[in-house]
Amino acid sequence: MADIQSPLPGTFYHRPSPEDDPYKSNGDAVAVGDVIGLVEVMKTFIEVKSEIAGTFSGYAADNEAPVTAGQVLATLDD
Amino acid sequence: MTLKIVKSGLATTIQDLGRPGYFHLGIPEGGAMDRLALRAANMLVGNPEDAAGLEAVFMGPEIEFTRDASIAITGAELPVMIDGEPRETWTSITVKAGQVLSFGFLQAGARAYIAVSGGIATEPDLGSRSTYPIGALGGVGGRAVQPGDELPVGDAPLVAEGRSVPPALRRGPGNPAELRVLTGLYWYRLTEDAGRRFFEDTWTVAAEADRMGYRFKGGRPLDFVDREPPFGAGADPSNIVDGCYSYGSIQVPGGTEPIVLHRDAVSGGGYFTLGAVISADMDLIGQLQPNTQVKFVNVDMETALAARAERKATIAKIRQELG
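Taken in order, these protein sequences are the chains called A and B.
Reminder that position 46 of the first sequence reads as 46 in the UniProt record's numbering, one-by-one numbering, no gaps.
Reminder that position 82 of the second sequence reads as 82 in the UniProt record's numbering, one-by-one numbering, no gaps.
Where hints are given, some of them may not hold.
[To be verified] Taking lysine-lysine pairs in the DSSO-like style, the calculated list, with each CA pair at most 27 Å apart, reads:
(1) B/Lys7 to A/Lys49
(2) B/Lys96 to A/Lys43
(3) B/Lys217 to B/Lys317
(4) B/Lys217 to B/Lys312
(5) B/Lys4 to A/Lys49
(6) B/Lys312 to B/Lys295
(7) B/Lys295 to B/Lys217
(8) B/Lys217 to A/Lys43
(9) A/Lys43 to B/Lys7
[Unchecked claim] Between beta-carbon pairs, the in silico distance windows are:
(10) A/Glu51 to B/Asp193: 44 to 54 Å
(11) B/Val266 to A/Glu19: 42 to 52 Å
(12) A/Glu51 to B/Ile134: 25 to 35 Å
[Claimed, not checked] Beyond 12 Å from chain A on every Cβ pair, some chain B residues (computed):
(13) Lys4
(14) Gly162
(15) Pro290
(16) Glu321
Don't read these hints as lab results, they were simulated from the structure.
Because the structure is a prediction, the values reported are computed rather than measured.
The beta-carbon is built from N, C-alpha and C at its ideal position, and this holds for glycine as well.
All chains should be built: construct the whole structure from the sequences, respecting the hints.
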């Protein structure tokens, strides 16, 4: 198990836009550099990228939830 | 000597104490949003208090030093690392040529200030190195720093390592943060009930919060006194015939979400302003994260001036401690 943490405070989104599917679903392969979500702050959307490879095992923060820097956003299985 | 920007963070900008004197032309004063923190960082490394440093918001940059230097990081609690080893904030640090400064996850506050002995020596515009991206003034050719930039730094002797600002003199917002407000020229536009609610309600920092202004949400909408719209103001009750804005002034477009104007704000426009956050509390706004709770507190001029004197005294005490 490994955690993907938010690099900064803001609002977390699972999807690139409201009409799109979430970036990742349970069981998806995650490569280093894959985008797993967006954090919005100061009218800017920042892509949250995985720094490790693994299998996606779920979002730990809700879509559109306020998040703090360092908060776990998603988890991966090795 | 240069600072090599390895990673730039979110919006890391060169800031000093700004370029006063041009607001009447629409060019904002700019400069550090938490001026006390920038002054303290400069004092820690032996710089003039108005020397240029870096303002990093929410995320730190990664910086390599090409020469030995004294540095200090103040403002937000953003864990400091030199070559991966944790170091103290609000304290002078000696770095060796080739060492790399990086940061952990933000723990408190919003903006960290990085001062380096000698100060950043980019070309000033209108008397200041402060970055104003919209006007392409200051900074690195008018913009925020980017990976690959090499920022020139002035020559200066190193200072003793471990000089530190006592915790009691480090100022940050509480939770909920309290921002003191003087009501202003257009206060009469609000109904008595709406005016009372503005100060009663707890507001939350919205995502739209940057160097130009901080937006707040979550309080009850404000009602306006009925009127015949003056010529040129338009039908919306929150509109006025254009007027001047001050730093800290609070506009409430449509009566729903207050916006406090900050260092890079526009100098005028057509929204009524219900008052202004007092100068002593403007630094605190620079340290608010999104989703932080805020109460606006109604004060009079006497209280505002006393708070201004108190803030000045705090800066004088830091100067004395590090002198």
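So, going through the hints one by one against the coordinates:
This hinted pair checks out: B/Lys7 and A/Lys49 have alpha carbons roughly 15 Å apart, not beyond 27 Å. Straight-line distance between C-alpha atoms of B/Lys96 and A/Lys43 comes to about 37 Å, which puts the hinted pair past the 27 Å bound. Taking the CA atoms of B/Lys217 and B/Lys317, the gap is near 36 Å; set against the 27 Å cutoff, the hint is violated. Straight-line distance between C-alpha atoms of B/Lys217 and B/Lys312 comes to about 31 Å, which puts the hinted pair past the 27 Å bound.
Of the pairs offered as hints, the one joining B/Lys4 and A/Lys49 holds, with about 24 Å between alpha carbons and a cut-off of 27 Å not exceeded. Proposed proximity of B/Lys312 and B/Lys295 is supported: the alpha carbons are some 23 Å apart, at most 27 Å. Under the criterion of a C-alpha separation no larger than 27 Å, the hint pairing B/Lys295 with B/Lys217 is consistent with the structure, at around 11 Å. With a CA separation close to 15 Å, the supplied pair B/Lys217 and A/Lys43 stays within the 27 Å bound.
For the hint linking A/Lys43 to B/Lys7, the alpha-carbon distance of about 21 Å falls within 27 Å, and the restraint holds. One distance hint, 44 to 54 Å for the beta-carbon pair A/Glu51 and B/Asp193, holds here, with the actual separation near 52 Å. About 34 Å separates the C-beta atoms of B/Val266 and A/Glu19, a value inconsistent with the hinted range of 42 to 52 Å. For the pair A/Glu51 and B/Ile134, the beta carbons lie near 33 Å from each other, so the given range of 25 to 35 Å is met.
A cut-off of 12 Å between C-beta atoms confirms that B/Lys4 is not in contact with chain A; the least separation is 21 Å. For B/Gly162, the non-interface assignment is confirmed: its Cβ lies about 27 Å from the closest Cβ of chain A, beyond the 12 Å cut-off. The non-interface label for B/Pro290 is inconsistent with chain A: the shortest C-beta to C-beta separation is roughly 6 Å, within 12 Å. The claim that B/Glu321 is not at the interface with chain A holds, since no C-beta of that chain comes within 12 Å of its own (minimum 30 Å).
Against the hints set out earlier in the document, violations occur for numbers 2, 3, 4, 11, 15.
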